[in-house]
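> Chains A and B, in that order, give the protein sequences. Yeah, the first sequence ends on 114 if you go by the numbering used here, and it's all consecutive. Yeah, the second sequence ends on 1115 if you go by the numbering used here, and it's all consecutive.
Simulated from the structure, these hints should not be mistaken for lab results. One or more hints might be untrue.
What the hints assert, rightly or not - Okay, the calculated bits of chain A under chain B, using three or more residues with CB under 8 Å as the criterion: (1) 42 to 55; (2) 100 to 113.
Stated by the list, open to error - Derived DEER-like restraints, expressed as beta-carbon distance ranges: (3) A:A54 <-> B:G1072: 16 to 26 Å; (4) A:T111 <-> B:V1115: 45 to 55 Å; (5) A:V29 <-> B:G1072: 42 to 52 Å; (6) B:G1072 <-> A:T111: 19 to 29 Å; (7) B:L1039 <-> A:I60: 42 to 52 Å.
Since the structure is predicted, the reported quantities are computational estimates derived from the model, not experimental observations. Even glycine gets a Cβ: it sits at the ideal position worked out from N, Cα and C.
Spelled out, the chains give:
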Amino acid sequence: AQSVTQLGSHVSVSEGALVLLRCNYSSSVPPYLFWYVQYPNQGLQLLLKYTSAATLVKGINGFEAEFKKSETSFHLTKPSAHMSDAAEYFCAVRSGLGQGRLYFGRGTQLTVWP
Amino acid sequence: GAGVSQSPRYKVAKRGQDVALRCDPISGHVSLFWYQQALGQGPEFLTYFQNEAQLDKSGLPSDRFFAERPEGSVSTLKIQRTQQEDSAVYLCASSLARLGDTEAFFGQGTRLTVV
């Protein structure tokens, strides 16, 4: 079975500060991992995905995430926060053997202060 | 179309009313998913289609929920005799194939409020 835990439902940072959003996963088989961003009243937009090609994954808007199998983690980072990064972020896992359904975490609301 | 389109964007239903939510996936996308997102929660899987075949409906919360994709493109999620606990955002997603690393593209969702 697959599951995702996002530590911290709310994260606040100052503009220009490091962003770190935590995600731990549980999967019985090698997983595919995703980070999505959701702006108010919008659908989910893919930020980046891990598909076993490289453990450090770079995504859009300056975000990146590192897959650490020993820690079962896939934390999302950005060196310098921008006001436009304020949104809800979801980590998701999909089994490589599955039919494509995603298992999402509960989400982390990122607030960026000026 | 350019993206996944869902209609209506907002729906208010009286308790006990039936509702139908529509999803237009990206043209050519084989896989189609429905998710339910309650307030303050992550999306929860409802059901999955590969073309017109409903291969997984294990996430449908009750027999009041029904989904179809008769011609392998547009899909409809129907909720009969709506209850207050059905209030949520219903998201539709489509992807080109069923491979595990294929990106799923999401629509903007339908916000259902049952009063």
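> All the hints need checking, so say for each whether the structure fits it.
Results of checking the hints against the structure:
{"no.": "1", "hint": "42 to 55", "verdict": "holds (count 7)"}
{"no.": "2", "hint": "100 to 113", "verdict": "holds (count 8)"}
{"no.": "3", "hint": "A:A54 <-> B:G1072: 16 to 26 Å", "verdict": "violated, 35 Å"}
{"no.": "4", "hint": "A:T111 <-> B:V1115: 45 to 55 Å", "verdict": "violated, 31 Å"}
{"no.": "5", "hint": "A:V29 <-> B:G1072: 42 to 52 Å", "verdict": "violated, 29 Å"}
{"no.": "6", "hint": "B:G1072 <-> A:T111: 19 to 29 Å", "verdict": "violated, 42 Å"}
{"no.": "7", "hint": "B:L1039 <-> A:I60: 42 to 52 Å", "verdict": "violated, 27 Å"}
In terms of the numbered hints stated before, the structure departs from hints 3, 4, 5, 6 and 7, listed from lowest to highest.
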